[in-house]
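Protein chains in written order, with UniProt numbering: chain A, 1 to 422; chain B, 1 to 422; chain C, 1 to 422.
Just so you know, the hints here were simulated from the structure itself, not pulled from any lab data. All values derive from a computational prediction rather than experimental measurement. Treat each hint with caution, since some may be false.
One copy or any two copies: either way a pair holds, since identical chains are not told apart in the list.
What the hints assert, rightly or not - Cut-off 25 Å, straight-line C-alpha distance, at most; resulting in silico cross-link-like pairs (DMTMM-like, lysine to aspartate or glutamate): (1) Lys67 / Asp147; (2) Lys420 / Asp52; (3) Lys373 / Glu310; (4) Lys234 / Asp387; (5) Lys259 / Asp394.
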Amino acid sequence: MTVGEEMHALVRRLYPICRSITGDGVRRTLEIIAESIPLEVSEVPTGTQVLDWTVPQEWNIRDAYVKDAEGRRVIDFNASNLHVVGYSVPVSATMTLDELRGHLHTLPGQPGLVPYRTSYYVPTWGFCLSQETLDRMGPGPYEVVIDSTLADGHLTYGEYVVPGETADEVIVSCHTCHPSLANDNLAGIAVAVALARRLAERGPRHTYRFLFMPGTIGAITWLARNRERVDRIKHGLVLACAGDGGTLTYKRSRRGDAKIDRVAAHVLRDRPHTILDFSPYGYDERQFGSPGFNLPVGGLTRTTYAGYPEYHTSGDNPDFVLPEAMADTLDTLDEIVRILDTDRHYLNLSPYGEPQLGRRGLYGSLGGRSDTKQAQMAMLWVLNLSDGEHCLLDIAQRSALPFATVADAARALVSAGLLKEK
Amino acid sequence: MTVGEEMHALVRRLYPICRSITGDGVRRTLEIIAESIPLEVSEVPTGTQVLDWTVPQEWNIRDAYVKDAEGRRVIDFNASNLHVVGYSVPVSATMTLDELRGHLHTLPGQPGLVPYRTSYYVPTWGFCLSQETLDRMGPGPYEVVIDSTLADGHLTYGEYVVPGETADEVIVSCHTCHPSLANDNLAGIAVAVALARRLAERGPRHTYRFLFMPGTIGAITWLARNRERVDRIKHGLVLACAGDGGTLTYKRSRRGDAKIDRVAAHVLRDRPHTILDFSPYGYDERQFGSPGFNLPVGGLTRTTYAGYPEYHTSGDNPDFVLPEAMADTLDTLDEIVRILDTDRHYLNLSPYGEPQLGRRGLYGSLGGRSDTKQAQMAMLWVLNLSDGEHCLLDIAQRSALPFATVADAARALVSAGLLKEK
Amino acid sequence: MTVGEEMHALVRRLYPICRSITGDGVRRTLEIIAESIPLEVSEVPTGTQVLDWTVPQEWNIRDAYVKDAEGRRVIDFNASNLHVVGYSVPVSATMTLDELRGHLHTLPGQPGLVPYRTSYYVPTWGFCLSQETLDRMGPGPYEVVIDSTLADGHLTYGEYVVPGETADEVIVSCHTCHPSLANDNLAGIAVAVALARRLAERGPRHTYRFLFMPGTIGAITWLARNRERVDRIKHGLVLACAGDGGTLTYKRSRRGDAKIDRVAAHVLRDRPHTILDFSPYGYDERQFGSPGFNLPVGGLTRTTYAGYPEYHTSGDNPDFVLPEAMADTLDTLDEIVRILDTDRHYLNLSPYGEPQLGRRGLYGSLGGRSDTKQAQMAMLWVLNLSDGEHCLLDIAQRSALPFATVADAARALVSAGLLKEK
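Same shape as in the complex, but just chain A (with noise of 0.2 Å):
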């Protein structure tokens, strides 16, 4: 199995729970990643207080259905946890068609997807189903069942830290909220559980953190738990739908020009991709990129977020997730991570004049020719550049060499005594 395949098996066995930013749901899903990667689960309090926030009340649902005269179940939350309003209270009732009809929400311009619908703070419920369902109900009377609870209980999350040689941290972070979504975004934590193996197995150099929460209270409740040490974080990526067929996008961090700004530009630079600037809206960036933060943390979509008309319906299901484009996103922020934990400065310990490389055997003796190597002009580019203000990434973009290539040059030159670390 590739590992596209693995990820793809991931995507579908977490898809049919339902999910919320609390409940069973969530902590089912953690139960899982956890078979993969050792989570370390937080249960936070209804009531408690997180930034300008209160953890709310805990969801569970069992059952909810519209049922016709006949006892068909009309709208079924056992098809498609999709059917019910995210935090819907309790309803056991008779309706017509007419009194149902404000609870009920269809997408008219779609008329064959069901949309997703959550309403946390504004206690009330409702049904989500296809415009074409609606279409074909007759006037009533249904019997109309939400079987769920809103009680006090715990907002859950997860964190898996793989530690480095450095106390700075780098935080991968994805939503866990969503029920039925699978690019948004089961994709986008298979993306992630892989990337913590590959990091957990070779050992990085910065500390990651990965975090699978629920979208804003979650990224909310875990600032305001780690407040004063979120100091440690140097680099940061929010993770979301990893897995459509689209192109790689790119939001950059509220700073703009903030390194993994400019790493994650450097590794797209090779493949077809957009870069948006950042805006307060979208995913939890818009936590961590909050003024008082003001974390360099930035978003790593395919498509991005309510860029595709599957998006929040059920069309984003595990069809619409292709195993290739998860492996295309994991190897894109694996070359991410690989540039954060090995660029640095150096410093030309031989800055005046060129070192005589060919003495050294760095360099081609029979002079001349024209085309020089990839290999030898990165060492020239090396040397020159690592006055203590360029880092092999500024080497990188300036030579328009690819950084591993930069990398090996800067490795060959400490060996030969040429350079040494800043």
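Once you have looked at the hints, place chains B and C on chain A.
Coordinates of chains B and C only, in the frame set by chain A:
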């Protein structure tokens, strides 16, 4: 009568008056302006040293003509005051066409139009006429009369100050020295008068100073007499050519990145327009923008200085000026002025994470939808960027939202206790 | 004879000499140059430590050939010195084509041309020949002779200093190590000689130092011997490939925004040209631009390094170099040098408002016209921007006026007492 028609009526009324850099024509013009806004008029005596210059003698003219043997006025000041070179010394002589020719100015390339010429600082005299008229003139002799006076007197200019909440000033300056030229600059005068009335009605935040003065020597005189007080000037515009049918042109201040430059560019963003860099030529922005003062004063015109064939000819008459063009200039100015008065820095009082807008009734309650409204986006942007470094204009530009939407969002957030003025 | 023809005659005269990084060919070349300009020649002994390098043994060659059984010279040093790999050790042997083949260099893609090859620091020997010649060679055996000497001696370079009003230096450096290659770099030498003569005639403001030295090791030797004095160098150019039919190319100094970079870009603005960023490859700008020195030295060529098919082949012969192309390079250099010598900062002595130019006879007297002349515009620009922060070059760029017009305006304003040198 629309405001455009009112302004056009003022242009038509001022058009026949023979203005120059001094003299009764200027006084009469200021009297007429003073019917609309209370004008403080200054009279500066001939010989007064003003910066590097000296206030010249005052020029007045009663009549002027070139009369042929049959007593017909071939060139007649009463038909158009453009026919006499401004500041012509008195003449009374009989001469042949050949003798006269050195004193005649035409536009061979625009044979039907009379040019506008002056000679303020070199004593001479002359007539301006159409090439067609010249071509019809016989060898003469002609009776040549200019009944003018050059004598010690005064330079006259007018000011109107609309007091604001702060002593910080915005100046709007327009030249009043051109005789029968409508776009240049009766249209500018008319728009300035209309803007002044609007501001006086609504009570602005800045103090607005409207200056009606002759070009160059007037601005130099005003600057000389206010040299110690120019620091009050925080923003300014030189207004000219405000009524032709072309699109708007903004010429940047010498600084190039002053607030007025940014505001003007922002307002023009949504209109067809041209933006020009500063150059030390054109209107009185060159005096305000001399290196010793270096004031943040830009220039607003429709078609730019010398940019239309009718410029400085008899073609620049009231028909060349359109009521609706003047109304458009006025609206643009008004929007610039509103932003200057509204823009400021705010501080997000809940800068860690997003504050919970929903709880405060500032945010739609139903999640999952992606058609977030502009007003909500504006609130998120204002919160995110109100870190003390970004003003509302910065936020409007970063967010690509209308300034007014951003300002409304700031007001709502101030009311909700989430924002305060910096 | 035009200056272009004079330069071309020098190229033709120098062409047959067998130069290398050391040896009598370099000495003979400098002797010929010294017929035109008084050259100070330095001889640096073999074994001298120069920065990270050591001056190598001196190489001289008297004859070399590959002779077939019939005694015909199939490859003959006398026909072209390119036929011998530079710094070849002596050889005298009989060998078959198969034994010889590892020492033969051809250009299969350009079968009629002989390549140029050297091996300065790895002892070896070899012949260069056209692929066509190689294809005609039978199996042998061949008599193989290289009558060369590698022995302790000297590295030779020449300097010519044109003293200026200040000790601040401009260097013009060209490499003298290539044998029979005309554009690279006899054309550069010829243009440098012509420029030096012009400067000596007119007496420049800066001190100009012309350097004629072998590439790489020569520049390194010169820098090593002048290490404490390189601070005198305020601007510099490496001159090469100065005579081909292509358009001019300027390669920025390592700093990228040095005065020489701005001046060169300004001069090239009105000519077809290419501007390249610095890279640590090419000619001796890579030594001057090593991080320890970081001198403001750019590179001027016509077609760039390795940018034409004849580069480093027998196709780069005197026919490849055009008199008019060399004249154009010379004129461009001359203009660059004039700006370097003329540019400076001035202070407007009447910075509040515009000074009255008319009173001083600096301005046309008749107002109203819009065809203000370039010279008057230049005066307004110089006055407006002479605030101590802008040099004449800045003003020429901001105003889009020719530098010479701006410089003339500054002179006129200095004479009128309105401007003084900062």
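**Study point:** Same-copy or cross-copy closeness of Lys420 to Asp52 [CA-CA at most 25 Å]
**Key:** between (47 Å within a copy, 17 Å between copies)
Exercise for review: With 25 Å as the alpha-carbon cut-off, assign the pair Lys259 and Asp394 to within, between, both or neither.
Suggested key: both (10 Å within a copy, 24 Å between copies)
**Study point:** Up to 25 Å CA-CA - Asp147 versus Lys67, copy category
**Key:** within (14 Å within a copy, 102 Å between copies)
Check your understanding: Using 25 Å as the alpha-carbon threshold, which applies to Lys234 and Asp387: within, between, both, or neither?
Key -> Both ways: Lys234 and Asp387 sit 23 Å apart in one copy and 21 Å across, limit 25 Å.
Check your understanding: Can you tell me if Lys373 and Glu310 fall within 25 Å by alpha carbon in one copy, between copies, both or neither?
Key -> between (48 Å within a copy, 20 Å between copies)
Comparing the model with each numbered hint stated earlier shows that all of them hold.
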